[in-house]
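Student: Now for the letters of each chain:
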Amino acid sequence: MLKAKILLTTFTVLCATSSLCAQPALPDWSGAWQRLGSTAFDPLTVEGQGQSGSPGVRQYPPYNEEWERKYEANLALRDAGTYPDPISICGTPTGFPRILNMPDLYEFALTEHEVWIIQENGPNLMRIYTDGRDHALPEMRWPTYTGDSVGYWEGDTLVFDTLALLSSEDGPTILDRTGAILSDAAHIFTRMRLIETNILEIALTIHDEKALTEPWLVTRQYKRMPEGTRLYDYACAENNRNPVDLNTGRTLTLDADGEILDRDPQ
Amino acid sequence: MDRLGKFRNRLLILLVGFTGIWHSSFAHHSTAMFDQSKVKEFTGIIKEFQFTNPHSWIQVYNDETGEQVEWSLEWGSPNRLIREGVNPTTFAPGAPVSIRTYPMLDGAPAGLFIGARFEDGRTVGLWDN
Chain D
459 MLKAKILLTT FTVLCATSSL CAQPALPDWS GAWQRLGSTA FDPLTVEGQG QSGSPGVRQY
519 PPYNEEWERK YEANLALRDA GTYPDPISIC GTPTGFPRIL NMPDLYEFAL TEHEVWIIQE
579 NGPNLMRIYT DGRDHALPEM RWPTYTGDSV GYWEGDTLVF DTLALLSSED GPTILDRTGA
639 ILSDAAHIFT RMRLIETNIL EIALTIHDEK ALTEPWLVTR QYKRMPEGTR LYDYACAENN
699 RNPVDLNTGR TLTLDADGEI LDRDPQ
Chain C
136 MDRLGKFRNR LLILLVGFTG IWHSSFAHHS TAMFDQSKVK EFTGIIKEFQ FTNPHSWIQV
196 YNDETGEQVE WSLEWGSPNR LIREGVNPTT FAPGAPVSIR TYPMLDGAPA GLFIGARFED
256 GRTVGLWDN
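The listed protein sequences correspond, in order, to chains D and C.
Count along the first sequence from 1, then add 458; that gives the number in this note's numbering.
Count along the second sequence from 1, then add 135; that gives the number in this note's numbering.
Hints in this document: simulated from the structure, not taken from any laboratory.
The beta-carbon is built from N, C-alpha and C at its ideal position, and this holds for glycine as well.
Each hint should be verified, as a subset may be incorrect.
[Stated by the list, open to error] Counterexamples of contact, computed for chain D against chain C with all Cβ distances above 10 Å: (1) A483; (2) N522; (3) R527; (4) Y529; (5) A538; (6) D589; (7) P596; (8) W611; (9) S641; (10) L675; (11) D720.
[To be verified] Far from chain C, by Cβ distances over 12 Å, these chain D residues were calculated: (12) S488; (13) E526; (14) T569; (15) E570; (16) M598; (17) T602; (18) E612; (19) L621; (20) A622; (21) S625; (22) R649; (23) I660; (24) E672; (25) R699.
[Said to hold, decoys possible] Chain C is faced by these chain D residues, among others (derived, beta-carbon under 7 Å): (26) G511; (27) G539; (28) S546; (29) Y690; (30) A693; (31) N697; (32) N698; (33) N700; (34) T709; (35) T711; (36) D713; (37) A714; (38) L719; (39) R721.
Hey, can you work out the whole structure from these sequences and the hints?
Tutor: Put into structure tokens, the structure is as follows:
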């Protein structure tokens with residue numbers, strides 16, 4: 459018994475004082491980060507002038523005919539200023555992958571067992587399990603905003619895949635304000651790594667057998683903000699003077715007393 | 136899309152990223168209600184600065200028509216504004232101010248805030264002269 463205790467103590471001391479039992483070091487993604495580029499989700503295929511909400515701006519996801527028609531219908535609503543953005547009601551998360559496409563700042567919290575993507579806008583949070591677990595069993599998962607993500611570290615690259623995502627066909631999640639959407643069959647494979655000390659790259663390979671004819675490859679980059687940059691509360695419902703009618707897509711404007719300012723709100 | 140098209144789009148993304156910084160802070164909702172082809176300028180008195188989420192609002196009394204009308208000027212969220220040097224005291228109630236805004240298309244007394252100039256020459260937001 460005494461021998462066993464001595465052995466255990468020796469092992470514990472050795473582990474604590476050497477690299478024998480140490481976990482591989484996680485990369486340094488500390489600090490605050492800002493997405494580079496416009497609010498259009500796919501920088502490689504975007505065309506038109508302005509942000510994703512600007513008339514005429516569109517992308518070219520490899521949609522099949524049916525989903526290209528859905529996208530074109532959304533683009534027409536966007537051009538008319540009546541495409542309803544689900545997050546404008548201040549109550550639902552952006553969801554994945556749109557969480558990667560927000561204009562406010564990010565933090566990436568890395569631990570041995572789990573990674574959190576924290577987005578200031580919303581705020582929004584996404585969990586990625588890296589402790590070796592598999593996806594939840596089919597009967598234990600259902601479509602959610604950020605889905606079910608599991609992954610691992612391949613050197614300094616975080617590799618994970620995400621499924622069980624809410625379909626955006628009926629509006630709960632979108633990719634951007636052009637009206638780009640995915641189905642509930644979306645299965646997204648993601649790689650995140652530093653390509654420079656202060657530039658993080660996220661590469662997505664999006665599979666969606668209902669909506670896409672081939673995998674959609676999307677890459678976004680993020681720059682590290684100056685040391686000491688703070689993130690703040692967002693609290694979207696604090697003073698939302700722009701309620702959105704999700705049936706008509708119309709965004710209203712309220713005065714300081716909560717009365718509708720629009721002269722033709724119908 | 137051919138390679139030339141992709142290259143053209145990459146250039147466009149750079150330009151949009153540069154010129155779109157100001158209004159990209161409006162992530163929360165569409166800006167379709169504003170006439171961004173027209174700049175309205177008026178002088179008034181600050182009533183209140185709502186430094187709140189999801190967007191801030193500057194309430195300004197405008198009496199250019201001979202009748203006092205309260206204007207609502209929408210701006211960015213506090214987290215983005217404070218990183219640009221704006222804070223809750225930037226618009227003190229009672230201060231005379233000149234305002235530039237993209238007005239609402241339907242003529243309602245509201246707009247997307249562009250910039251302001253105070254009597255002492257201090258400016259806030261975009262004010263070129």
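Student: Does each hint hold? Answer for all of them.
Tutor: Going down the list of hints, with the structure as the test:
The beta carbon of A483/D sits about 31 Å from the closest Cβ of chain C, which is more than 10 Å, so the claim that it is off the interface holds. Under the 10 Å C-beta cut-off, the non-interface status given to N522/D relative to chain C holds; the minimum distance is some 18 Å. At roughly 20 Å from the closest C-beta of chain C, the C-beta of R527/D stays outside 10 Å, upholding its exclusion from the interface. Once the 10 Å rule is applied to beta carbons, Y529/D is consistent with being away from chain C; the minimum gap is 16 Å.
A beta-carbon of chain C comes within 10 Å of the beta-carbon of A538/D; the shortest separation is about 8 Å. With a least beta-carbon separation of about 32 Å from chain C, D589/D lies farther than 10 Å from that chain, consistent with its non-interface assignment. The beta carbon of P596/D sits about 35 Å from the closest Cβ of chain C, which is more than 10 Å, so the claim that it is off the interface holds. No Cβ of chain C comes within 10 Å of the Cβ of W611/D; the nearest lies about 30 Å off, and the non-interface call holds.
A cut-off of 10 Å between C-beta atoms confirms that S641/D is not in contact with chain C; the least separation is 23 Å. Consistency note on L675/D: stated as away from chain C, and its beta-carbon is indeed over 10 Å from all of that chain's, at 12 Å minimum. Annotated as non-interface, D720/D brings its C-beta within 10 Å of a C-beta of chain C; the closest such distance is 6 Å. For S488/D, the shortest C-beta to C-beta distance to chain C comes to about 18 Å, beyond the 12 Å cut-off, and the non-interface label holds.
Here E526/D stays apart from chain C, with its beta-carbon at least about 14 Å from theirs, past the 12 Å limit. Taking the minimum C-beta to C-beta distance to chain C, about 25 Å, the non-interface status of T569/D holds against the 12 Å cut. The Cβ of E570/D sits about 30 Å from the closest Cβ of chain C, beyond the 12 Å cut-off, so the non-interface label holds. The beta carbon of M598/D is kept farther than 12 Å from every beta carbon of chain C, the shortest such distance being approximately 34 Å.
Distance to chain C confirms T602/D as a non-interface residue, since its nearest Cβ pair spans about 22 Å, more than 12 Å. Non-interface status of E612/D relative to chain C is upheld: no Cβ of that chain comes within 12 Å, the nearest being about 28 Å off. Non-interface status of L621/D relative to chain C is upheld: no Cβ of that chain comes within 12 Å, the nearest being about 27 Å off. A cut-off of 12 Å between C-beta atoms confirms that A622/D is not in contact with chain C; the least separation is 26 Å.
In this structure S625/D is separated from chain C by more than 12 Å, as the shortest Cβ-Cβ distance comes to about 22 Å. The non-interface label for R649/D is consistent with chain C: the shortest C-beta to C-beta separation is roughly 21 Å, beyond 12 Å. Residue placement check: I660/D keeps its beta carbon more than 12 Å from all beta carbons of chain C (closest about 16 Å). E672/D, annotated as away from the interface, keeps every beta carbon of chain C farther than 12 Å; the closest lies near 14 Å.
The claim that R699/D is not at the interface with chain C is violated, since a C-beta of that chain comes within 12 Å of its own (minimum 6 Å). Because the smallest distance between the Cβ of G511/D and any Cβ of chain C comes to about 5 Å, under 7 Å, the interface hint for this residue holds. Among the interface hints, the one on G539/D holds; its C-beta lies about 3 Å from the nearest C-beta in chain C, closer than the 7 Å criterion. Nearest Cβ of chain C to the Cβ of S546/D: about 4 Å, under the 7 Å cut. The hint holds.
For Y690/D, the suggested interface contact is upheld, since its CB lies about 4 Å from the closest CB of chain C, less than 7 Å. Proximity of A693/D to chain C holds as hinted, the smallest CB-CB distance being about 5 Å (cut-off 7 Å). For N697/D, the interface hint holds, since its Cβ comes within 7 Å of a Cβ in chain C; the closest pair sits about 4 Å apart. Taking 7 Å as the C-beta contact cut-off toward chain C, the hint placing N698/D at the interface holds, the least distance being around 6 Å.
For N700/D, the shortest C-beta to C-beta distance to chain C is roughly 5 Å, which falls under 7 Å, so the interface hint holds. At a threshold of 7 Å, the smallest CB-CB gap from T709/D to chain C is about 5 Å, leaving the interface hint in force. The criterion of a C-beta within 7 Å of any C-beta in chain C is met by T711/D, whose closest approach is roughly 5 Å, and the hint holds. With a least beta-carbon distance of about 6 Å to chain C, the hint placing D713/D at the interface is held under the 7 Å criterion.
Taking 7 Å as the C-beta contact cut-off toward chain C, the hint placing A714/D at the interface holds, the least distance being around 5 Å. About 4 Å separates the beta-carbon of L719/D from the nearest beta-carbon of chain C, less than 7 Å, and the hint is met. At a threshold of 7 Å, the smallest CB-CB gap from R721/D to chain C is about 4 Å, leaving the interface hint in force.
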